[in-house]
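**Q** Keeping their order, the protein sequence lines are chains Z and V.
In case it helps, the working numbering puts the first sequence at residues 0 to 113.
In case it helps, the working numbering puts the second sequence at residues 2 to 907.
What you were told as hints is all true, and nothing was included just to trick you.
Output of the computed footprint for chain Z on chain V, the stretches with three or more beta carbons under 8 Å from beta carbons of chain Z:
hint, stretch
1, 28 to 39
2, 49 to 61
Covered stretches of chain Z (chain V as the covering partner; in silico rule of three or more C-beta atoms under 8 Å from a C-beta of chain V):
hint, stretch
3, 19 to 28
4, 35 to 47
5, 50 to 57
6, 65 to 73
None of these hints come from the bench; they were simulated from the model.
Cβ coordinates follow ideal geometry from the N, Cα and C atoms, glycine included.
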Amino acid sequence: MAGSESDLLQGTLDVLILKALALQELHGMGISRRIGQMTNGAFDVKAGSLFPALHRMEQAGWLTSSWGQAETNRRAKFYSLTKTGRKHLQTETERWERISLAMGAALGLRQEAR
Amino acid sequence: MISRLRALWMYVFRRNQLDDDLDEELSAYVELVSAEKVRSGMSTEEAFRNARRETGGVEQIRQGVRDIRVGVTLERLVQDVRYGIRTLAKNPIFSLVAIGTLALGIGANTAMFSLLDQVVLSLLPVKQPERLVRVTMAGDNYGDSYGPDRISWPMFEDLRDGNQVFTGMFSVFSTSVTLGHGNRAEQATAELVSGSYFPVLGIGAAEGRTIAPDDDKVPDSQPVVVLSYSFWHNYFNGDRSIVGRTIALNSYKMTVIGVAQPGFDGVQPEIPAQMFVPIMMKTEMTPHSDGLKDRRRRLAWVKTFGRLKPGMSAQQAQSSLQPLLHSILEMEVQLPDFRQFSNEDRRQFLRNRIQLLPGSDNWLSERMRRPLWILTALTGAVLLLACANLANLMLARAPAREREIALRLAIGAARARIVRQLMVETLLLSGAGAALGLALALLADRFLLHLYLPANEVAEFVVSPIPDWRVLALALCLLLLTSLAFGLVPALRGSRTEIAPSIKERSATGSAASVPLCRLLVVIQVALSLLLLTGAGLFVRTLRNLRGLGPGFPTDHLVEFALDPSLNGYSNDQTESFYERLNVNLLAMPGVSSVGLSSMPLLKAYAWQHAIIGETSAGEPKEAQPVLSEVGPGYFSTIGIPILEGRDFTERDRGPVKVAVINQSFAKRYLPPGDPIGRRFGLVDDQDPTALPNIEVIGVIPDTKYKDLREPAPPQAYFSYFQGPSFRFMNVYLRTEGDPRQLEDRLQERMRQFDSHVPIVGLETMNDQIGWSLRTERLVASLSAIFGGLAMLLAVVGLYGVMAYTVTRRTREMGIRIALGATRARIIGMMMREASVMVLVGLSVGAVLALALANLIRNQLFGLDPHDPWTLIGASLSLAIAAGAAGFIPAARASSVDPTTALRRE
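Chain Z extracted, bound-state conformation (with noise of 0.2 Å):
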């Protein structure tokens, strides 16, 4: 899968929010950071599509904000999970795992270990 984000299906963006929150709480240019790290760089979320998703998920109730300090000092805008964040990615979760085996027994691909 090539590495842009107009290439993300619908609703993956969301789960990659979702899980790179899931451990702790971050700003947009971490969260941006944290999903390249965790897909191997495959994916790179560029701010045009990052903060539509971040305020879109926050109106949803998944998000909420704060203002804090980031690495430099500089206030930054923190978003971390709600419940309802928590309790979506749950089930965005085994939805994936779902679709995944699904795709890969369609394809004829070997099983990975996730």
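Given the coordinates of chain Z, work out where chain V should sit on it, guided by the hints.
**A** Chain V in isolation, oriented as in the chain Z frame:
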């Protein structure tokens, strides 16, 4: 949910803070990215530049975030509405004409259909009203009758007990009674009902109980009364304790046993019943006549209803009732009543048939059915016209819209957004039109009801002015579809084509394909408005003809009212003395010059008809059925009818030798040629077949109208009321010196002082009454004139629009023509030719339609042919002149085009 609400709240009230936060968040992002790059060894400046590049356009991200914000849809909508209002306000003429057209189409149809629905189509508020039928006998009952839809009491009993088709039958007789409660006396309307009335209708009691079959066994035995809910509410203020108490009806003590359920005013909506009395109390309620106990079969007086058995159709029931009726008729024809009739009469009588009519039909609905359907058809035509007009308006605007839309697409507007914006605009227009139309409908229905019913009846009559929502929805949908089809679709079609040519085409050519369509629409409009104008012309002339007819006597300074002292239990002698004292009393009233009394009201559609026998023609009494009345001395001079020959009645005409005054038609039709004075005739008496021609003619009067203005003066005979069988109901006519209206209040007061127990009814001037008797014609004439005028206006506006558009489109052509030497007159002539082709085609189509449809309104016309050429020519001429004016203005503008400007515009 809560997070969304908070977001919406922030969006609406803290927008600036949201935007500031976003800006800070984004700049923090850029700084963090560049700090990362500095850490990996870049120079500060280079890192910042790279970070900016990587982040992309900040403004685009900002827009991206704003786009997903909750509330943004709402804001877009507000923007669209604002933009829509601005666009509409920029073309005020277009908007006003469009909104006016919509309002007219919606308002006229809603108002008219609501009236039609309630007056003509509505059903009685009873259980399963569609299963209820009126049982009538078609044919002559050979005897006395209260109306064509009545049968005799014994006939009702025979049908009730012998039929196999009804689950129940009831009969009803409506009458006026004098109600005494405390020291008030008032006239009220009562329905005398059989015991099966309430059970068969399925009407229950709101208080107490209703009349039951047990109340209907023995004559005179059940002095009970049930009040209608509205009468109980208005007259007794909804006092529950009235149940069980007694009230005086015609001075007879009656116990109130209950109040009928709300909304039910009897089975004759045109005469709402205020109370219900067992029909066994007929003698007490109508002291002047019986009919119940004497069981006369030649007196048809009860209206009869039946409820069809489940699964039985009215058609089946009607045919299976014929044998039953026939056996009853076979029996009746053998009775002594029939001895005097000829064999031909008997055969005729045996051909009578049962006719079942819808139970909810009534006098008003039958009378109004055709006029209201005609008016509804006219408003339907107005709706079509409104659609055509709207389509035309939209089409004329389409080219301008196309360019605007192309421009907006070019600067990056999404097509969906444009569609939504156009939808919003159309909805705004329709919404405004609908609101205005609804207001119009509300006003119109109130106005129409007032036009049609006297003020005090509007409250009683069960027509509500609430417009019918189905028609409202239908008209709205039709107009909405029209404006979408002709406004949105062309605009969008334009938007789909190449953007560049649309913008470049500065000459406003637009889609030339819409021009023939516009012309066709103008033709349709002209045709429809000619149709409406012709109809209006016919109805207005009918009204004028009827007004011009006159009753045959002077109607100014004439005032009338009615009363019935016999309802107060006054004996015949008491009533006679009452009228004699009344005569003297009223003659003494200042302002009154003469007083006349008559048992039959003039021009109120009532008639007392009776068969007579002549001196020589005793064998064939059936054809001779003049209308009759009993009058007092001074009646003819009060009404203003001269005595042509012989003399008027006097106080002395009380003796056993009966005398009559006849009109000229009577003399011509029933008396042998020669001097009618001294001739004799007699009334046929079905109790006494040996009756002799014992009435002597003492005077002759000219022919005057009797029942109504339309009907030619019938043969009439008048008797002295002193020689009548009994004194009861009388109509009092007063000739006044000044304006009779100014007398009315004093007259009321004087009558109260004269006898406070006898209520007077129907006090009005003769002119008001005549105006009132023409109300249906007036309603139809004034409404059709209004519709016709509006239709013409719409057609003319449509024509103007198309011509103006053509001129704009051909400005360049006109410029070239003028440059090449065409004169102003030539240009005007050319344009006018174009206009007149449309108008002439429209007029011809309209004329054909008008002639084809004219027969449908033949019955509503008076004194002129439905194909009356002058009306058609007049309507065509006025339409042609108006259209000519509408075409001339753009044509004149075309002729004054300055060739240099016109050519430079390209």
